[in-house]
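Chemist: What follows is the residue order along each chain.
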Amino acid sequence: MTPRVGVITFPGSLDDRDALRAIDYAGADPVALWHGDDSLGAVDAVVLPGGFSYGDYLRCGAIARFSPIMAALIPAAKDGLPVLGICNGFQVLCEAHLLPGALTRNDHRHFVCRDQRLRIESNTTAWTADYQVGEEILVPIKNGEGCYIAEESVLDELERSGRVLARYVGGNPNGSYRDIAGITNEAGNIVGLMPHPEHAIDDLTGPSSDGLGFFTSILHRLVSA
Amino acid sequence: MSRVVVEVMLKPEILDPQGRAVEGALDRLGLVGVTSVRQGKRFEIELAGPLDASRRERLNELAETLLANPVIENFTVHVVEDA
Amino acid sequence: MSRVVVEVMLKPEILDPQGRAVEGALDRLGLVGVTSVRQGKRFEIELAGPLDASRRERLNELAETLLANPVIENFTVHVVEDA
Amino acid sequence: MTRPIDSVTHAASDPDADQPYAELGLKTDEYARIKEILGRRPTSAELAMYSVMWSEHCSYKSSKVHLRQFGDKAPKTDALLVGIGENAGVVDVGDGWAVTFKVESHNHPSYVEPYQGAATGIGGIVRDIISMGARPVAVMDPLRFGAADAEDTRRVLPGVVAGISGYGNCLGLPNIGGEIVFDPCYAGNPLVNALCVGVMRHEDIHRASARGLGNLVILYGAHTGGDGIGGVSVLASETFDADGPAKRPSVQVGDPFMEKLLIECTLEVLHEGLVEGIQDLGGAGISCATSELASNGDGGMHVWLDRVPLRDSTLSPEEILMSESQERMCAIVSPAKVDRFMEICRRWDVPATVIGEVSTGGRLVIEWHGETIVDVPPRTVAHDGPVYDRPMVRPAWQDALVADAPTPARLARPGTPEELRATLMQLVASPNLAAKDWVTGQYDRYVLGNTVLAQPEDSGVIRIDEVTGLGVALATDCNARFAKLDPYAGAQLALAEAYRNVAVTGAVPLAVTNCLNFGSPEDPGVMWQFAEAVRGLADGCLELGVPVTGGNVSFYNQTADVAIHPTPVVGVLGVIADVARRVPMGFASAGDSIYLLGVTRDEFGGSEWAHEVHGHLGGQPPAVDLVGEKLLAEILATAAREQLLIAAHDVSDGGVAISVVEMALRRNVGAQIAIPAGIDPFVFLFAESTARVLVAVAPDHEERFTRLCAHRNLAIERIGTTLAVSELNVDATFTVELAELRAASAATLPALFG
Ligand SMILES: Nc1ncnc2c1ncn2[C@@H]1O[C@H](COP(=O)(O)OP(=O)(O)O)[C@@H](O)[C@H]1O
Ligand SMILES: [Mg+2]
Numbered sequence: 001m002t003p004r005v006g007v008i009t010f011p012g013s014l015d016d017r018d019a020l021r022a023i024d025y026a027g028a029d030p031v032a033l034w035h036g037d038d039s040l041g042a043v044d045a046v047v048l049p050g051g052f053s054y055g056d057y058l059r060c061g062a063i064a065r066f067s068p069i070m071a072a073l074i075p076a077a078k079d080g081l082p083v084l085g086i087c088n089g090f091q092v093l094c095e096a097h098l099l100p101g102a103l104t105r106n107d108h109r110h111f112v113c114r115d116q117r118l119r120i121e122s123n124t125t126a127w128t129a130d131y132q133v134g135e136e137i138l139v140p141i142k143n144g145e146g147c148y149i150a151e152e153s154v155l156d157e158l159e160r161s162g163r164v165l166a167r168y169v170g171g172n173p174n175g176s177y178r179d180i181a182g183i184t185n186e187a188g189n190i191v192g193l194m195p196h197p198e199h200a201i202d203d204l205t206g207p208s209s210d211g212l213g214f215f216t217s218i219l220h221r222l223v224s225a
Numbered sequence: 001m002s003r004v005v006v007e008v009m010l011k012p013e014i015l016d017p018q019g020r021a022v023e024g025a026l027d028r029l030g031l032v033g034v035t036s037v038r039q040g041k042r043f044e045i046e047l048a049g050p051l052d053a054s055r056r057e058r059l060n061e062l063a064e065t066l067l068a069n070p071v072i073e074n075f076t077v078h079v080v081e082d083a
Numbered sequence: 001m002s003r004v005v006v007e008v009m010l011k012p013e014i015l016d017p018q019g020r021a022v023e024g025a026l027d028r029l030g031l032v033g034v035t036s037v038r039q040g041k042r043f044e045i046e047l048a049g050p051l052d053a054s055r056r057e058r059l060n061e062l063a064e065t066l067l068a069n070p071v072i073e074n075f076t077v078h079v080v081e082d083a
Numbered sequence: 001m002t003r004p005i006d007s008v009t010h011a012a013s014d015p016d017a018d019q020p021y022a023e024l025g026l027k028t029d030e031y032a033r034i035k036e037i038l039g040r041r042p043t044s045a046e047l048a049m050y051s052v053m054w055s056e057h058c059s060y061k062s063s064k065v066h067l068r069q070f071g072d073k074a075p076k077t078d079a080l081l082v083g084i085g086e087n088a089g090v091v092d093v094g095d096g097w098a099v100t101f102k103v104e105s106h107n108h109p110s111y112v113e114p115y116q117g118a119a120t121g122i123g124g125i126v127r128d129i130i131s132m133g134a135r136p137v138a139v140m141d142p143l144r145f146g147a148a149d150a151e152d153t154r155r156v157l158p159g160v161v162a163g164i165s166g167y168g169n170c171l172g173l174p175n176i177g178g179e180i181v182f183d184p185c186y187a188g189n190p191l192v193n194a195l196c197v198g199v200m201r202h203e204d205i206h207r208a209s210a211r212g213l214g215n216l217v218i219l220y221g222a223h224t225g226g227d228g229i230g231g232v233s234v235l236a237s238e239t240f241d242a243d244g245p246a247k248r249p250s251v252q253v254g255d256p257f258m259e260k261l262l263i264e265c266t267l268e269v270l271h272e273g274l275v276e277g278i279q280d281l282g283g284a285g286i287s288c289a290t291s292e293l294a295s296n297g298d299g300g301m302h303v304w305l306d307r308v309p310l311r312d313s314t315l316s317p318e319e320i321l322m323s324e325s326q327e328r329m330c331a332i333v334s335p336a337k338v339d340r341f342m343e344i345c346r347r348w349d350v351p352a353t354v355i356g357e358v359s360t361g362g363r364l365v366i367e368w369h370g371e372t373i374v375d376v377p378p379r380t381v382a383h384d385g386p387v388y389d390r391p392m393v394r395p396a397w398q399d400a401l402v403a404d405a406p407t408p409a410r411l412a413r414p415g416t417p418e419e420l421r422a423t424l425m426q427l428v429a430s431p432n433l434a435a436k437d438w439v440t441g442q443y444d445r446y447v448l449g450n451t452v453l454a455q456p457e458d459s460g461v462i463r464i465d466e467v468t469g470l471g472v473a474l475a476t477d478c479n480a481r482f483a484k485l486d487p488y489a490g491a492q493l494a495l496a497e498a499y500r501n502v503a504v505t506g507a508v509p510l511a512v513t514n515c516l517n518f519g520s521p522e523d524p525g526v527m528w529q530f531a532e533a534v535r536g537l538a539d540g541c542l543e544l545g546v547p548v549t550g551g552n553v554s555f556y557n558q559t560a561d562v563a564i565h566p567t568p569v570v571g572v573l574g575v576i577a578d579v580a581r582r583v584p585m586g587f588a589s590a591g592d593s594i595y596l597l598g599v600t601r602d603e604f605g606g607s608e609w610a611h612e613v614h615g616h617l618g619g620q621p622p623a624v625d626l627v628g629e630k631l632l633a634e635i636l637a638t639a640a641r642e643q644l645l646i647a648a649h650d651v652s653d654g655g656v657a658i659s660v661v662e663m664a665l666r667r668n669v670g671a672q673i674a675i676p677a678g679i680d681p682f683v684f685l686f687a688e689s690t691a692r693v694l695v696a697v698a699p700d701h702e703e704r705f706t707r708l709c710a711h712r713n714l715a716i717e718r719i720g721t722t723l724a725v726s727e728l729n730v731d732a733t734f735t736v737e738l739a740e741l742r743a744a745s746a747a748t749l750p751a752l753f754g
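Here the protein sequences line up with chains L, R, H and C, keeping their order. With the working numbering applied, the first sequence corresponds to residues 1 to 225, in that order. With the working numbering applied, the second sequence corresponds to residues 1 to 83, in that order. With the working numbering applied, the third sequence corresponds to residues 1 to 83, in that order. With the working numbering applied, the fourth sequence corresponds to residues 1 to 754, in that order.
In isolation and in its complexed conformation, chain L is listed as follows:
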């Protein structure tokens, strides 16, 4: 059976349709999930999409983190359910303490939308297995609060355990510590990524198709599991 990958729509989610499209392009079965539901249904993996959940009022992701569906997602993720948080989704994962650190206001204080080069630093996660370590990819970035920060000891630990998943190259767009664009948890099933791979799935609407690898990675992982 084709693996089912859910995408949660929070009030104010914006890139949810794009994430569903990317899952479809990769060959998996996209499933729309609603923030107000208290179960995940029968999905094999979940994407928390980009956007401005609850307007990003208060702090990005702070209110969404308390949605009913998050009460189902948090234990499932801790149990190994593959979860990818993109942009606002990454912020939600940090707010929910599923990933360490926090995302704060860009150092230059402006929203930034641009095509960004990334270097993949780890391909042992559920979402990056189809990439080579050291491979450079081009994907859009668009955020106002994408500056990844964490205490030095946390950063050191992330580096030591190979949990920095991708780094910005060719210029850091938001001041993220150590050029970090994405990280994973110890088990490698939960991934947070500031750039938007779902907007790089074909050359017509994105700067490249380099982002598709995140979605084919999870498909291949689920099929072989």
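Hints should not be assumed to be uniformly reliable.
Stated by the list, open to error - Computed Cβ-Cβ distance ranges for the label pairs, DEER-style:
1) L:D79 / C:D437: 43 to 49 angstroms
2) L:D79 / R:K11: 45 to 51 angstroms
3) C:K27 / H:L29: 42 to 48 angstroms
As the list claims (entries may be wrong) - Not everything, but these chain L residues come out facing chain C in the computed CB check (under 8 angstroms):
4) P11
5) D15
6) R17
7) G51
8) F52
9) Y54
10) Y57
11) C113
12) P140
13) K142
14) H199
15) L204
16) T205
For the record, the hints were derived by calculation from the structure and aren't laboratory data. Every residue, glycine too, gets a C-beta built ideally from N, C-alpha and C.
Let chain L serve as the given structure and place chains R, H and C with the ligands on it in line with the hints.
Modeler: Structure of chains R, H and C with the ligands alone, referenced to chain L:
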């Protein structure tokens, strides 16, 4: 060293979407009886040396023109420490 | 009616780009001797009726989990009025 | 202290009460007409409604007599499904798809409070599009500011850009284009225009009309507060003591998150067929929505105003009627469908309240706590406002302005290679021509995943149908210096440029929207500029075969008696059958031939060169050539369909030189340009003659493409080749590294606004 705190709040008649969002969240998360939440800004400013009259005046002017937008916001300036 | 003020500031070791920008602007606009500016948030919360122990506790919990992110922020809760 | 309610009964019993109609902007004869319509003095609530609905902004009283030409001269077309007069026009783009688009101004609010003014400008135009039944798919933002280095521009521009970015990004609408123009004439009067485009199936088109006796009027979205009611406070003021209610804010604050919920919620109720009529709330709030819905429908409506949910309980009924609180909509729903409607609103956390119902009798009756405070024929409020044919005179200074032509004798021209190079570098770095990334980088262009082209491309191109690749292209333009020199020609040049920008992508231009930004209509000189611009635009649209589907007029853009340049911003929409065949602007590979299509003349009146280098404005604008524009567009569409072009880019501000630089910098591909024999190098490089386009053609398509042009008698000249090295080489004159051009172009805006 002197320390000044400037608080800037939206005027009561101005819509505060952020406060509204927080209000909704507090309510959903079980804090009963919340009737209003307003979200504003707080600036902690440190200055070298004591605040003479002219610096105090400049500070008040800048609170009004730079830190707050008097079209939509009110502000207060507290000198916390002056030495 | 009760009134509570929650103040949330970035921890001192966390970079505060907005505070830095304000610092630069204050300096350019002629406020001499500014050594640091930090920008934080201020919530004014109004609640119906007095604050019993359980509401106070819930409020403190929500200040810590919702209003502030303790990974990067410190906060204080002041009860301004309790009736 | 309670204020007496000025009910209809009260008004009849106190016929001679003094009313502050002048403070509300009504003329004595306008007030007399209201009395005549009603057969009594208006209540204060009625006075409030008439005053705002008969204002220039809502009634188009000074512009109506001229705007009629857009209908009268409209070219015959089957593409127009909904024409002028609705919230926005609707255009058929094939396969059962329809597109709606419109541009509006939010100039003055953006000067007072740049962030909120611009943000709510986006919010307002987006609601116009949803109220037609369409899903908004993109926004654009034509902007104009005072001199780039003026102190006030430093205040206004970053706030405006942050407002558009903050609101538009949070709504999830890609920003696919716009304009940023600096000119001292906009000091104190910046122009913030906002365009939105939406997509729907033909069967989803909705109208703003209230039909069906007993159907309910539902107000949904944000609660009503005291936003933007400024003037109406005088109605309440006499009866309040000095430290009475808080002064009402004239500024409206936007809540993009609520608007996002409103979009999703509205599209869901429309999609389920729950709505008989729908209207957004913008200027004049509930006054406008109820009177227009009733007037466009069966004519009768009964409203219980005290049911309107308020953010501020001290508001008077007059103020509630006028409030311009954002993020609200009004729907007409049959009683059987109300439960489902409410259920969907709850799902999206959108407050909704039944405030009235459709009634018989042809009157709009509004009650406040049991008393009737409004009882009027809705048409008299919404559609039968005063119409003025204001005096107009060609300004006395116009002749002298036109006589002051930028001849070589008057304005020194560069001659040596060094001078030409220096001129190029100066123009590349000038605020009007420099890279706009500092602004556009703050806008999300990717969200929704259908953006095929966006700034700095000539047009934004949006995919509509993922299966067939059907899409639309949109561009907005206006060179106001041209319009100042000749408003008739200037409006046509704005149209021509937007049309050409759509055409270079390979799209077929289909329809037009416009935002006419002018000074005071009470100044006969300004009124002449306005009339000329409208006449020019209407004639131009007829000649090009593209109808005007809607637009907006913004008057009073002036400080004391100094008006802005006439600025008729024109938006053109085109359709492209397969977005995969769109033609981008940038050179892509070495060894392609560069052709100039069209004819270059010694035309510098109103040019960027005259403006930037000499601070000069005078002479004639470049000649309008609509026949040439049409021919170009047809050839470009064919060439795109046959995939003959690597790149195409229109030639406008700064001439061929600037266009080549832009094509080269886009993907960092160099070029060698040969100045054709028989033309002065300066004129060739910098003249702003219209109906010209640069294209890059791969060697194996050259023969087919040049034959296509020759066959249609389009002037075409091979002027160069793309290079493998990153430099621009202007034969026998000068060479510049692309890195140097990029640095010069990129540095300007960050240095000013960083
Ligand atoms: N410059 C113009 N050209 C064409 N139509 C215009 C122009 N200005 C206004 N209109 C049309 O007049 C009608 C009323 O305009 P407006 O009040 O701006 O609409 P709304 O009430 O939706 O805000 C609309 O259909 C609009 O398209
Ligand atoms: Mg409208």
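Chemist: Take the hints in turn and mark each one as holding or not.
Modeler: How the hints compare with the structure:
| no. | hint | result |
| --- | --- | --- |
| 1 | L:D79 / C:D437: 43 to 49 angstroms | holds, 45 angstroms |
| 2 | L:D79 / R:K11: 45 to 51 angstroms | holds, 49 angstroms |
| 3 | C:K27 / H:L29: 42 to 48 angstroms | holds, 45 angstroms |
| 4 | P11 | holds, 6 angstroms |
| 5 | D15 | holds, 6 angstroms |
| 6 | R17 | holds, 7 angstroms |
| 7 | G51 | holds, 6 angstroms |
| 8 | F52 | holds, 4 angstroms |
| 9 | Y54 | holds, 6 angstroms |
| 10 | Y57 | holds, 7 angstroms |
| 11 | C113 | holds, 5 angstroms |
| 12 | P140 | holds, 5 angstroms |
| 13 | K142 | holds, 5 angstroms |
| 14 | H199 | holds, 4 angstroms |
| 15 | L204 | holds, 6 angstroms |
| 16 | T205 | holds, 6 angstroms |
Consistency with the previously given hints is maintained throughout, with no hint failing.
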